[in-house]
Every structure is written in structure tokens, then in C-alpha cells.
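Residue numbers (the working numbering), protein chains in the order written: chain A, 27 to 183; chain B, 27 to 183; chain C, 27 to 183; chain D, 27 to 183.
Be careful, since some hints might not be right.
Identical copies carry no separate label here, and so any pair may be met within one copy or between two of them.
Said to hold, decoys possible - Lysine-lysine pairs mimicking DSS-like chemistry, simulated, CA-CA at most 25 Å apart:
id: 1; residue 1: K155; residue 2: K143
id: 2; residue 1: K92; residue 2: K80
id: 3; residue 1: K158; residue 2: K39
id: 4; residue 1: K40; residue 2: K161
id: 5; residue 1: K39; residue 2: K74
id: 6; residue 1: K143; residue 2: K158
id: 7; residue 1: K142; residue 2: K155
id: 8; residue 1: K74; residue 2: K40
id: 9; residue 1: K158; residue 2: K40
id: 10; residue 1: K92; residue 2: K142
id: 11; residue 1: K155; residue 2: K39
id: 12; residue 1: K142; residue 2: K161
id: 13; residue 1: K92; residue 2: K143
id: 14; residue 1: K178; residue 2: K92
id: 15; residue 1: K39; residue 2: K161
id: 16; residue 1: K143; residue 2: K178
Quick caveat, the hints were computed from the structure, so don't treat them as lab data.
4 protein chains.
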Amino acid sequence: MIVGIIGGSQIEKKEIYDMAYATGALVARNQWVLICGGLGGVMEAAAKGAFDQKGVTIGILPQNNKSYANPYITIPVATGIGLARNFIIVHTADILIAIDGQYGTLNEIAAAMTMKKYVLSLRSWDLEKLDKFDKTFFIPVQSPEEAVHFIKNSSIH
Amino acid sequence: MIVGIIGGSQIEKKEIYDMAYATGALVARNQWVLICGGLGGVMEAAAKGAFDQKGVTIGILPQNNKSYANPYITIPVATGIGLARNFIIVHTADILIAIDGQYGTLNEIAAAMTMKKYVLSLRSWDLEKLDKFDKTFFIPVQSPEEAVHFIKNSSIH
Amino acid sequence: MIVGIIGGSQIEKKEIYDMAYATGALVARNQWVLICGGLGGVMEAAAKGAFDQKGVTIGILPQNNKSYANPYITIPVATGIGLARNFIIVHTADILIAIDGQYGTLNEIAAAMTMKKYVLSLRSWDLEKLDKFDKTFFIPVQSPEEAVHFIKNSSIH
Amino acid sequence: MIVGIIGGSQIEKKEIYDMAYATGALVARNQWVLICGGLGGVMEAAAKGAFDQKGVTIGILPQNNKSYANPYITIPVATGIGLARNFIIVHTADILIAIDGQYGTLNEIAAAMTMKKYVLSLRSWDLEKLDKFDKTFFIPVQSPEEAVHFIKNSSIH
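Excised from the complex, chain A in its bound form (with noise of 0.2 Å):
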């Protein structure tokens, strides 16, 4: 079971890291394998997180060279491609929790949308504003503890 964290490189407020800390801590106590992008912000929370509970986390850089992986990554994949590198987290992870962030993160959340795969939103895009937005796989959670709530009650569990 790999769980995807996407979210913004940066974070203006304590509480969005307090929040991506805390997810990332929850995905190693379940024992579920962390995938995010490997850099800071978002990523370096929940990555410290999931370190500190001696869990493993995957950074799938958009670098050539994994020296830029952010030092709570125990397993950095040097990709060298750049953006393009948001599908192989989408394409990795089994359900993804998004945690704030900006254009990036609605990148990745559209790619799940179109591999029907669920993403918890955890104050981040308000996509259910959206029209034609697809509510079945697109759930607003209200913290970590309802994210992992909620996986742990799906069937890809």
C-alpha cells in the first residue's frame, strides 16, 4: 500500500505543516509506504513526519540527481524529468491526500482524476465547486485522522 502526499513546496502557515506532519506520521504508523515529490514545503513535512515514525518515504524528483531530495526521504528516485515526474507519483501511489498547495498539486489531482483514483483534500483545492468535477473520487477530509480513516475503510485497502 503506497499513499501519495501532494502539496505546495511552500507553506506560509504553521498549521498546514503541523497538518502534513501529523499525515505523514499516520502513513508510517499504518505501515503504508509514502510517495511524494521529494522537495520542500509539503513534501518535507509529511516526509519528516513518516521519518520520524521510522517509516520509509519515496521522493520522485523532478532532478537528475538525488542529492535535491529533502533529508527525511529514505528512498530519493532521481527521475530527470522535470514536471512530467507528478504522473509517476499519481501512477505510483494508490490513493493520494492532497495538503493545500497551488497549480502543481491541482496537476496532480486531475491526473488521479483521470486514472479514477480517490484523493483525499485536505484543505487544498475547493474542487467541488466544480460543475462537471467528479465528487465520487474527490473527498474533502477534515484531518489526517479522517484521512486515514477513510482509507483504511475503502476497498483498496
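Given chain A, work out where chains B, C and D should sit, using these hints.
Below, chains B, C and D without anything else, positioned relative to chain A:
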């Protein structure tokens, strides 16, 4: 000047087909090169519009074989990288016109926003409803003519 | 008919430059489209040869910005996927001509062999020395004219 | 420390299977992470060797679905970018061991040479025959033990 046309690989309504065809034709008549994903639906209708005006049409295919291109693509590019080819369309286009479309189109619009490239939206996603969506680079237009008018008057032209 | 020209991004000897230029010119004079990596050295010399004959020249760039293309590329494609763009050149070309070159060129020749595409070798790697190299698809030639003659008489033409 | 093992997706001789298995086992026993293409043949034999020693095995798959990974891959990465995934293996590995193999393996060896990464060759391509091949980074070895000995004594360790 390269104009990207993005949209679904299937079209349900004749008016969408006509709009895509007319947009492609206008792009070619202005001597602009058209770039798209090279497959069916909006991509094919727009390419046919440009082709019928003797325009140049680039098709960036997900497959590793150029035989998948629709018949109106004059320059097929067989990438073999699957959906990740979306980024190549956005990187290469100077400006994009989104027509109708589903999640693949949303994926490309978000990619364009990360690069601060204009997207002119013709009956595509109603993203202006989203609180944090950037109204600067996402421009709803009502017709192919209005899209072309915008391009002609923009600084990128 | 799309002909790939592969070779180093730097040229040390004038005769290599002249050979690449002449090859590009012959490709264009035969109304074939030229595809290459879009950068300097052999890629630029061949593209200039074709450009001076009013040919179409596609440049598949590693960068995410088409401003990196040499001035003789008429269709720049900004992939953003780094060296992995080598595969796009090989997938898209119907046949390849290797001129001089180092490891990047060897990488592309090997890619072509996996797809059973012909590579005509002009002062490039002496791979016929290798015991298990496939002599069927790797054809040493002595001049641009001989390369073009081979293409005209091949079944792919 | 991540060791890449590259080689064919099919194995004809039992001694090649045994060599790949033994190499994977030694990599894991040294606590190194193994990275490979995740499919059959040499990739599967090496991954099984490491897996049986409770090692970590990363499989960088060409497909967009991790179900294609062989059963001994503990970290499957579904890239969806086809053969272009070869570059991800080479970018991510600190050093590579080539075992047997055909053109895909040659493609990866050439990629490694562009990055000046060592390739230890075990019954793989006899590239030292080529006039301009760099003997500095391409090291023929006779056994898995000799490959591991080289790594332990190299500056990258």
C-alpha cells in the same frame, strides 16, 4: 508563434466540433503553428481546421509510434511517455486555447498556470469559480474569434 | 518520411561539420523532414543544411523552453524531460543517420536497435566490431550521398 | 548507497541467472539498496537474490501500473514513460552492474557514461574493443564478488 489547442479526445456535441474546427482554421490563417495531443476529438477537429487551411499541425502523441496520429497532423511526434506528454504541449506552446475537455484538459490548464502561460477557455472548465485560481492567466472567451483577437493583442504575439 | 540525425553537441573537425551540413541539405532536398536534438554541433550543422534548402527541421529539446533551440530549427519542441528526450527522436524518426558523436549518440543508436530501426553510421561508433551487434540494422556508410542512396532504396521509403 | 543492476529481460543460460541472483544477494548483504527495471530476466533474478536477503529492491517500471513488477520488488515505481525510464535508473544509481543484456542494456551503459558513472560489466557488452570507449568508467569484472569488491574500495562508497 505556436498555439496549443487542448480538449477532450471525444466530442459529444456538434457545436464543440465546429468550435474546435473553426479555432484551428483561424490559427492556421494567422500563420501560427498549431500544437496538440495528436489524437481524436477536439485535437482532431482543430487539426483538421488548420490542415484545411494548409497550416502546420504538430501532434505530441503519448504512444511510441506515430501511426496513432490523426490524419490532419503534419508533424507527428511519438513520445512514448504516456500522459506525461501533456507537459511537452504546454512547454512548447506560447499560449493555449482550451475547448471543452475533461480531467486531461484540467491537468494541462494547471500545468500552464505553473508556467504563467495564458489559457483562453472556450466552453472548458469554469475555474474562475475557485477562490485561489489566478484570473490573470485564465481568460474565458466566447468564440474562436475572441480567442484569436486576444492573441493578436497580447504581448506574446 | 522523417529522418533523424544524431551526433555530438560539439564538433572538433571541419570535415564533420561539412558532412553534417551536407547530410541535412540532402534530407531537405529530398523533401524529407529532419528531426534532431535541436542543440549545437552536429545537430546545428545538419539543421542549417536543411534550413538553407527551406526544409522542415524538428528539434526535440531536453529543456523546458524552446529558446534553447539552434537558429535553424523550424519546429522546436520543448520537452523538459532532459536526456530522456533521446527516445522521442528515435521513436519519431523512420530511419537515423549517426554522424560522429559520443555517448549520447551511442545511447540513441542502442535505442534504435531495440526498435529495429536502421542507423546509417557516418564516422560514428565502430559497433560492427562488437560480437553481438546486429549488422542488419547498423549500416556504416562513407558519405552523405551513400546514406541518402540507402534510404531511397530501402523499403521504408 | 544505491546499486543499479541492468541486464536483459530474458535469460538463456542458467549461469547468467545464478550470477544475477548472487549479485543481488551480495548487494543486499552489504545493506545497499538495489535499483533495476523491475521486470523479468536479470532484473528478476537480481531482485530475488536481494529479496531473499531481506534487502530493499526498487523497480522502475516502463508501465503506468505497478502490477507489472516482478514479485521480488519491494518498492515498485510505475513511471508510464516507457523505455525512457532507463534514464531514471541511471540517474538514481550511484554505480551500475551490467549482467549479460542486449540493446536496452547498451542504452543504459551509454547513459551512464554520459554521466561519468561507473559500470561494472559481468558477461555484458565487450565495449573495451571500441576505440573511443572510456576505459575509466567501464570496468569488466569476472564475478559478483569482484564487482562488490570494486564498489567497497571505490570513492563512491
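Handout entry: Indices of hints not satisfied (ascending)
Key = 4
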